[in-house]
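For the record, the sequence lines run as chains D and H. Numbered according to the numbering used here, the first sequence spans residues 1 to 204. Numbered according to the numbering used here, the second sequence spans residues 1 to 155.
To be clear, the hints were calculated from the coordinates, so they are not data collected in a lab. Just so we're clear, the structure is a prediction, and the values are computed from it rather than from any experiment. Every residue gets a Cβ at the ideal spot worked out from N, C-alpha and C, and that includes glycine. Heads up, some of the hints might be wrong.
Over 10 Å on every C-beta distance to chain H, these chain D residues come out as not near it, computed from the model [unchecked claim]:
#: 1; residue: GLN44
#: 2; residue: PRO69
#: 3; residue: LYS113
#: 4; residue: GLN129
#: 5; residue: PRO130
#: 6; residue: MET136
#: 7; residue: ASN142
#: 8; residue: THR154
#: 9; residue: ARG189
#: 10; residue: LYS199
#: 11; residue: GLN200
Computed, partial: chain H to chain D, Cβ under 7 Å [claimed, not checked]:
#: 12; residue: LEU49
#: 13; residue: LYS71
#: 14; residue: TYR86
#: 15; residue: ASP136
#: 16; residue: PRO137
So these bits of chain D aren't anywhere near chain H, every CB distance computed over 12 Å [said to hold, decoys possible]:
#: 17; residue: LEU107
#: 18; residue: GLU127
#: 19; residue: ARG128
#: 20; residue: ARG134
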Amino acid sequence: MRVRLGYFARATAATALAAAYFLPGVFATAQQVDMNAVDQPGYQPTPDEEQLSGAYERQEVFFRTTEAPGTIIIDTKGRFLYLVQPNNRALRYGIGVGRDGFQWSGLQKVSRKQEWPDWRPPPEMIERQPYLPRFMAGGPGNPMGARAMYLGQTVYRIHGTNQPQTIGHAVSSGCFRLVNADVSDLYDRVSVGTKVVIKQAVAL
Amino acid sequence: MGIALRNGALALGALGTAFLAGCVSEPAPAPVVAAPSVTSDQLVGKWGLAAYHRDSDRPRTVKEALAQCNKPYVIRKGPNGGVMMYLADQPQLSELVLKAGPDGVTYLGPPGAAGTADDRQISNIDADSFTTIWVDPDNAGRYGTMVYERCGKRA
């Protein structure tokens, strides 16, 4: 997979990397949460860029668990999301996870699903990059990607991305990101109420 | 006969050259560039800023722009009569001016020719709103169509 950092990312990465931000609490909307140093609002990756290879490519794997089929298990350390299948199998997706200080564990359920979610950069990002729109309607090029699955009442979600090169990396503010093809695939396989187990590491 | 033909050909050639020379030397009419239909004073103020890529999203984007007035995009008057705004991906303010293009489009950008890469087209302007789209295709693709709605405007 080719790594692409465009003008936007190059221009902002230095300051953005140094300026971590976080919006926990009741005032943060879900759309505000996941944004990081290399996001490029409006950037539309090519099909080649969106094609993952190797371990992060979507694939069925051996997976032994006591969780019921249909459960989502997130392996933060391994950068994988597993969708449990019958007979000790799982669909495995490559993901991007929260960067240091923004990782978390817990048990949640998918509380809402949204196609082409909107994006609202958080105030800290507006402060650093005041030229950004304060709202960007969902669609191709939106940093939130093609689909979003909200996790309980938290501000976190599983969502797509227009930055496929961030898969396999700890880059977000606590959300879990997949390439758009993968998040769409997952979206079609899960329903509201799906159990989501977020772990630091998964023992196979 | 041969001489007559040759002279005729020469005469036609000379005539053609004259026409050609006339075509080449005739200066193209200068485009009539009207003054911008927008004044910089119209842009000064606090604005809710939102963007969309699909035209079907425009109505709700306009509403969202109004909802963003807690994080307004502030446009102030510049020292040279322009307005202080941000260029794409530039966190420092620049003084931008309104420019009329030969195509009747009004552009907003650094002083100079209209319609350059740093410019944005400005449209749908009234007292309480305006719309811009970047001339640069990369910027236009990334940022889409940007809607500015005046904060505190009358309903």
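| request: Confirm or reject the statement that PRO130 of chain D sits farther than 10 Å, beta carbon to beta carbon, from all of chain H. | output: PRO130 of chain D not clear of chain H: closest Cβ-Cβ about 6 Å, inside 10 Å.
| message | Quick check for students: does the CB of ARG134 of chain D sit more than 12 Å from each CB in chain H? | response | At about 4 Å from chain H, ARG134 of chain D fails to clear the 12 Å cut-off, so the statement is violated.
| Per-residue hint verdict: LYS71 of chain H, partner chain D, C-beta under 7 Å | 5 Å, holds
| request: Would you check whether the claim that ARG128 of chain D is not at the interface survives, using Cβ distances to chain H and the 12 Å cut-off? | output: The claim breaks: ARG128 of chain D does not keep its Cβ more than 12 Å from every Cβ of chain H (closest is about 7 Å).
| query | Hey, does THR154 of chain D actually stay past 10 Å from chain H on C-beta? | reply | It holds; THR154 of chain D is separated from chain H by about 23 Å at its closest Cβ, greater than 10 Å.
| Taking the least C-beta to C-beta distance, is ASP136 of chain H closer than 7 Å to chain D? | Violated: closest Cβ of chain D sits about 10 Å from ASP136 of chain H, beyond 7 Å.
| Status of LYS113 of chain D, Cβ more than 10 Å from any chain H Cβ | 19 Å, holds
| said: For LEU107 of chain D, is the shortest CB-to-CB distance to chain H above 12 Å, so the non-interface label stands? | reply: 33 Å, holds
| When the least beta-carbon distance from PRO137 of chain H to chain D is tested against 7 Å, hint result | 11 Å, violated
| 10 Å Cβ clearance of ARG189 of chain D from chain H | At roughly 26 Å from the nearest Cβ of chain H, ARG189 of chain D sits farther out than 10 Å, so the non-interface label holds.
| task | Over 10 Å to the closest beta carbon of chain H is the bar; see if LYS199 of chain D clears it. | result | 35 Å, holds
| task | Please settle this one: ASN142 of chain D was flagged as non-interface, so is its CB more than 10 Å from every CB on chain H? | result | 8 Å, violated
Hint compliance for this structure: hints 1, 4, 5, 6, 7, 15, 16, 18, 19 and 20 are not met, and every other hint is.
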